[in-house]
Amino acid sequence: MTVHIMLFGQLADITGVDKITIENCLDTDSMVKSLQNTYPALIQSTFVIAVDKKIISSNTLLTDQCTVALLPPFSGG
Amino acid sequence: MTEKKIKNIFIDGPVTADFIGKSIQNHSSKTDIGGHSIFLGQVRADKIDGQDVATIEYTCYEEMANEKMHEIREAIFAKYDLTCMHVYHSLGKVATGEISLFVFTSSKHRKAAINACEELVENIKSSLPIWGKELFTNERYQWKENK
Numbered sequence: 001m002t003v004h005i006m007l008f009g010q011l012a013d014i015t016g017v018d019k020i021t022i023e024n025c026l027d028t029d030s031m032v033k034s035l036q037n038t039y040p041a042l043i044q045s046t047f048v049i050a051v052d053k054k055i056i057s058s059n060t061l062l063t064d065q066c067t068v069a070l071l072p073p074f075s076g077g
Numbered sequence: 001m002t003e004k005k006i007k008n009i010f011i012d013g014p015v016t017a018d019f020i021g022k023s024i025q026n027h028s029s030k031t032d033i034g035g036h037s038i039f040l041g042q043v044r045a046d047k048i049d050g051q052d053v054a055t056i057e058y059t060c061y062e063e064m065a066n067e068k069m070h071e072i073r074e075a076i077f078a079k080y081d082l083t084c085m086h087v088y089h090s091l092g093k094v095a096t097g098e099i100s101l102f103v104f105t106s107s108k109h110r111k112a113a114i115n116a117c118e119e120l121v122e123n124i125k126s127s128l129p130i131w132g133k134e135l136f137t138n139e140r141y142q143w144k145e146n147k
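Here the protein sequences come in this chain order: A and B.
Going by my numbering, the letters in the first sequence line up with residues 1 to 77, in that order.
Going by my numbering, the letters in the second sequence line up with residues 1 to 147, in that order.
Hints in this document: simulated from the structure, not taken from any laboratory.
The C-beta atom is built at its ideal place from N, Cα and C for all residues, glycine as well.
A couple of the hints might just be wrong.
[Unchecked claim] Which residues of chain A face chain B? A partial, calculated answer using Cβ under 10 Å:
hint, residue
1, Met6
2, Gly9
3, Ala12
4, Asp13
5, Gln36
6, Tyr39
7, Pro40
8, Ala41
9, Ala50
10, Lys53
11, Lys54
12, Ile55
13, Leu71
14, Pro72
15, Pro73
16, Ser75
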């Protein structure tokens, strides 16, 4: 199972990556833990998660080829 | 509800006065309009810890932002009696004093246009995945936070 992860704004800045692909990740909680292991800077970061462009508010099961985005606080306008 | 095409709100660089002027001019043939309301977001030269903001560089999650804007647009059209609604946001670099957000609503009578415009601006700021990076004159930067 392949999950595509996108990082935006300061999250891409502090990790040095804006796209990651991971395999065999069951849900968003385990995905975040795995990312925080690889990129400890994310532990201190504030963000919301969007799965296939919809913001989620609790742990969500991931599906093959889904896209998960880590979104820091918005600052448009 | 009718399926409307998702519009792209993003333009490269600042929103120019010429663009805004033409947008207004384009409405002269729509003679059922009695009032327009316009909000223009301008890049402010903030001083932060002794450093001066020179430019804001905007990035976004474009697909999600345009889909979310489509939802907002539909909700605003359902709530207010509007004739027209246009939203444009800059991507890339916008210098202090330049315009980065252009929200334009029109209606038969002023109240709908004014109230819809205000609600749109608030929704755009709180709900669209857009990020501003404040570039200082000394070449350092920080990520903008909306207040």
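Okay, the hints, checked on the actual structure:
1. Met6: holds, 7 Å
2. Gly9: holds, 4 Å
3. Ala12: With Cβ-Cβ at 9 Å, under 10 Å, it holds.
4. Asp13: holds, 7 Å
5. Gln36: Violated: closest Cβ of chain B sits about 19 Å from glutamine 36(A), beyond 10 Å.
6. Tyr39: Violated - the Cβ of tyrosine 39(A) stays beyond 10 Å from chain B, reaching only about 17 Å at its closest.
7. Pro40: Hint on proline 40(A): violated, closest Cβ of chain B at ~19 Å, above 10 Å.
8. Ala41: violated, 13 Å
9. Ala50: With a minimum Cβ separation of about 6 Å from chain B (threshold 10 Å), the hint on alanine 50(A) holds.
10. Lys53: This interface hint holds because 4 Å falls under the 10 Å limit.
11. Lys54: holds, 9 Å
12. Ile55: holds, 9 Å
13. Leu71: holds, 5 Å
14. Pro72: holds, 7 Å
15. Pro73: Holds: closest Cβ of chain B sits about 6 Å from proline 73(A), inside 10 Å.
16. Ser75: holds, 4 Å
Hints 5, 6, 7, 8, counting from the list given before, are not met by this structure.
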